[in-house]
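Sequences and hints are given; from them, build the entire structure.
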Amino acid sequence: MDFGPHLFLAILEGAVTAAVISLTAVGLSLVFGIMRVVNVAHGEFFMLGAVVAWWIATSIGIHPALGFTAALIIAPIAVGAIAALSDRLVLSRLEYDPERTIVATIGLLYVFQQATLMTFGPDARPVEPPFNHRLAIPWIEISESGLNLTWPWGLATTSYKLFVIGAACIIVAALWVFLQRTRFGLIMRATQLDREMATAFGIPVRRVYSVVFALGAALAALGAVLIVPVQQAHYLMGGDPLLLSFIAVIIGGLGSLPGTILAGVIIGMSDGIISVFFSPTLAKILATLLVALVLIFRPQGLLGRAP
Amino acid sequence: MLEVSDLHAGYGNVRVLFGLNIKVNRGEVHCLCGRNGAGKSTTLKAIMGLVPIQSGSVELDGEKISSLPAYRIPARGIGLIPQGRRLFSELSVEENLQIGLMSGQHDAVDQHERVLNLFPRLRERLSQAAGTLSGGEQQMLAVARALCLNPKVLLLDEPTEGLQPSMVELIRAAIIRLKNEGVAILLVEQRIDAVMSVADHVSFVEHGQTSTTLAANEFENRREMFSRYLGV
Ligand SMILES: Nc1ncnc2c1ncn2[C@@H]1O[C@H](COP(=O)(O)OP(=O)(O)OP(=O)(O)O)[C@@H](O)[C@H]1O
Ligand SMILES: [Mg+2]
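So the sequence lines, in the order shown, correspond to chains A and B.
Be aware that the first sequence starts at 1, since it is given in the numbering used here, and climbs by one per residue.
Be aware that the second sequence starts at 1, since it is given in the numbering used here, and climbs by one per residue.
Incorrect hints may appear among the rest.
Unchecked claim - Each pair of labels, with its calculated beta carbon distance range: (1) A:T182 with B:R114: 17 to 27 Å; (2) A:D97 with B:E124: 38 to 48 Å; (3) A:T69 with B:R177: 40 to 50 Å; (4) A:L293 with B:G19: 49 to 59 Å; (5) B:R228 with A:L293: 54 to 64 Å; (6) B:R15 with A:T182: 34 to 44 Å; (7) A:W176 with B:E94: 16 to 26 Å; (8) A:W176 with B:A215: 50 to 60 Å; (9) B:D107 with A:I73: 31 to 41 Å; (10) B:T132 with A:W176: 16 to 26 Å.
Simulated from the structure, these hints should not be mistaken for laboratory data.
Source: prediction; values computed, not measured.
The beta-carbon is built from N, C-alpha and C at its ideal position, and this holds for glycine as well.
Quick look at the structure:
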């Protein structure tokens, strides 16, 4: 196969990763930006999303599309509820102290991971995609007779992967509208800017924090539900999304949502492309190297504001 | 109307207020004077529930508001104009006002209009980010944001700090107007002329306590108090 079509395929694969990373990273970024909490357990909310999705899909099991749709709605809500509970039981009791919450969320990480291992087991389990048509990708070739549309053998994606990319775009856009145009979005932005003044104007900051933590977790869960038909649910699957989300948040600029999304796309794309051409490990190495470079040359991140 | 009795408060282990007493009535301007670090801003924050109270109480119309969670206090009718303005700088002027309107118990559309009529300059800049306003405009917005609550009690912390005379005059006019509408005003102010011209009572704060409270007719005879506490 030629390099061109191959690259195109890698970009599509990368876009799927980018979509999922962006969603997950935006959740992490919201929580950090508004609550100043570094949520080390964020990857576990991703994992829980996938596991809950598997559980819903298999227990409904009439038609894959029905199970998947139910999972897409219920899993983020369930994971959000778990997150809100963790916030009440743990984070709020620590007064959202930046250092102590890091340790506490490391604890949560193990609690969620081990609880999943004990109930769900150590196996990776698949969820059937709601639809999965194989779509051959056309390629334009330049030959002596001009431009030719060809269908290189083996060059294909699936309708489901395109759906993942589209769904992530819609969710991120909806989140943006929610933050910028709704009353609760305004409350969240005000709380982020000045917690004390928000209280002085009647905003119940602790409740806002619970909702934000739940929303952050729900975004990770959404990312997981979208990817689980491609990747399978497993109790250790939270590690990579956590690492990549952290990288996206740092590269994008702490607390900057557009920066996080941009970085999520860059990380996801390069991860997809490098994984196709070289190896997934090299992709992670390069992404981590990129963080180091950004921290050296632009410590506030790509779109972050200089302090 | 607003009564602070034997208030002890501080930040964590740092005690700042040791038995502070203030009483502000309807339609009255009560000034709080004292040297830097005396605890004036802390007093206002403690009234708003933003600083933990160790003992003593804050009552509004006989209701003990110091036992409420802080976020419920604004809706009782207390508006704060904090030191240094503390606007939501990345939000627009309009959004800052919307935050003020959230807790108010009144018709929000009406109140929004009334406040903008008081500060027409803000009306021209509704979509501008608050942080990009000039210092004077920022102070107007800080006042306007608090007025959006339609407060019965207004707490102002050095509202004229760093403003040019015409702006100081505007703020002074707004204070007198609110006072005449029956709002109880607790004003932290360091400029002797400003204090003398609007205050009905002055309390001097020293080491976290109110040492003396004077009524307006005593100001002239006790000028030495002002020089002592304001360092003029
Ligand atoms: N967040 C805080 N944490 C710990 N101590 C504080 C905090 N804020 C203020 N203080 C301390 O409390 C004391 C009183 O401060 P406060 O701001 O009330 O003084 P002030 O009378 O308003 O002074 P100024 O005229 O300079 O505004 C000061 O010694 C200050 O250092
Ligand atoms: Mg002060």
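Which numbered hints does this structure break?
-> When the structure is compared with the hints, only number 3 turns out to be violated.
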